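Chains A and B are the protein sequences, given in the same order.
At position 65 of the first sequence the residue is numbered 112 (the working numbering), and the sequence of numbers has no breaks.
At position 27 of the second sequence the residue is numbered 234 (the working numbering), and the sequence of numbers has no breaks.
Source of the hints: derived by calculation from the structure; they are not laboratory data.
Since the model is a prediction, treat every value here as computed from it, not as a measurement.
Certain hints may be false.
Cβ-to-Cβ under 8 Å is the rule here; a few derived chain A residues that face chain B [claimed, not checked]:
1. K89
2. G90
3. P91
4. F136
For lysine to aspartate or glutamate, the following EDC-like pairs were computed, each having C-alpha atoms within a straight-line distance of at most 20 Å [to be verified]:
5. A/K89 to B/D263
6. B/K218 to B/E308
7. A/K62 to A/E103
8. B/K218 to B/D260
9. A/K115 to A/E103
10. B/K264 to A/D131
11. B/K277 to B/D260
12. A/K115 to A/E73
13. A/K118 to A/D100
14. A/K105 to B/D263
15. A/K118 to A/E141
16. B/K277 to B/D245
17. A/K89 to B/D245
18. A/K118 to A/E73
19. A/K115 to A/E141
20. A/K104 to A/D131
21. B/K264 to A/E141
22. A/K104 to B/E286
23. A/K105 to A/D78
24. A/K52 to B/D245
25. A/K115 to A/D100
26. B/K277 to B/E266
27. A/K104 to A/D126
28. A/K52 to B/E286
Note that CB positions come from ideal geometry on N, CA and C, so glycine has one too.
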Amino acid sequence: QQQVKQSPQSLIVQKGGISIINCAYENTAFDYFPWYQQFPGKGPALLIAIRPDVSEKKEGRFTISFNKSAKQFSLHIMDSQPGDSATYFCAAREETSGSRLTFGEGTQLTVNP
Amino acid sequence: DAGITQSPRYKITETGRQVTLMCHQTWSHSYMFWYRQDLGHGLRLIYYSAAADITDKGEVPDGYVVSRSKTENFPLTLESATRSQTSVYFCASSGSELAFEQYFGPGTRLTVT
């Protein structure tokens, strides 16, 4: 069963716009929520991550918003650029699982010039 | 070069054949993972290893075998390949339970005819 649900599956945004990708989870034992970015033909790479004791984390144009009570977290990409076009995966780690991550289904983002 | 490598990058095989995908990392990371990536399913964990000689099943282990005799290598074997195993396979590694970031290899695109 998919423990992390991600939406939308695909997203098209104009250059300069805001891209928003959402994830939801059920397992309250998750204690670490990373986002990975994957360019075509490459492996995923860590983009940004958050722990549930923080409601927001910002790194440059990328922001994670975390709502613990709703068990939801989202990635916001401000001033989206064509170079941001990639597949984005949210993920979650269960505290007893070591380094294991459960990934969402992925969102293919296209930023048009 | 340091990092995580996978070989081959592309492989075409026939149904019923055995095929082995190789993964090598130079960081001496404790944890290693095998994922398959399919459209609509994101990254699904096949097997993982917490250390040499310690392996465990992930979400979709059926039809796959792993071994880890050395810390740096984590080969994945399809004992009798099926068309449903056509996918892109990613290997990843992580330093420890306290260092959650997973570093991914470039992937192997496997086609089973």
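*asked:* Please verify whether A/K52 and B/E286 have alpha carbons no more than 20 Å apart.
replied: violated (31 Å)
*Straight-line alpha-carbon gap B/K277 to B/D245, limit 20 Å*: violated (29 Å)
*For the pair supplied as a hint, A/K62 and A/E103, is the alpha-carbon distance within the 20 Å limit?*
violated (24 Å)
*Does the structure keep A/K105 and B/D263 at a Cα separation of 20 Å or less?*
violated (35 Å)
*Sort out whether A/D78 lies within 20 Å of A/K105, counting only the CA atoms.*
holds (18 Å)
*asked:* Given the hinted pair B/K264 and A/D131, is their Cα-Cα distance within 20 Å?
replied: violated (34 Å)
_Closest C-beta approach of A/P91 to chain B relative to 8 Å, hint status_ = Constraint on A/P91 satisfied, holds at 5 Å.
_Check the hint pairing B/K277 with B/D260 against an upper bound of 20 Å on the C-alpha distance._
It holds: about 8 Å lies between the C-alpha atoms, which stays within 20 Å.
*When you check the alpha-carbon spacing of A/K115 and A/E103, does it fall within 20 Å?*
Given that 20 Å is the threshold and the Cα spacing comes to 11 Å, the pair holds.
*Going straight from one Cα to the other, do A/K115 and A/E73 come out at no more than 20 Å?*
OK: A/K115 and A/E73 at ~11 Å, within 20 Å.
*Below or equal to 20 Å on CA atoms is what counts here, so check A/K89 against B/D245.*
Holds, at roughly 14 Å.
*asked:* Need the status of pair A/K104, B/E286: alpha-carbon distance at most 20 Å?
replied: violated (44 Å)
Going down the numbered hints, you'll see the structure goes against 5, 6, 7, 8, 10, 14, 16, 22, 26 and 28, while the others check out.
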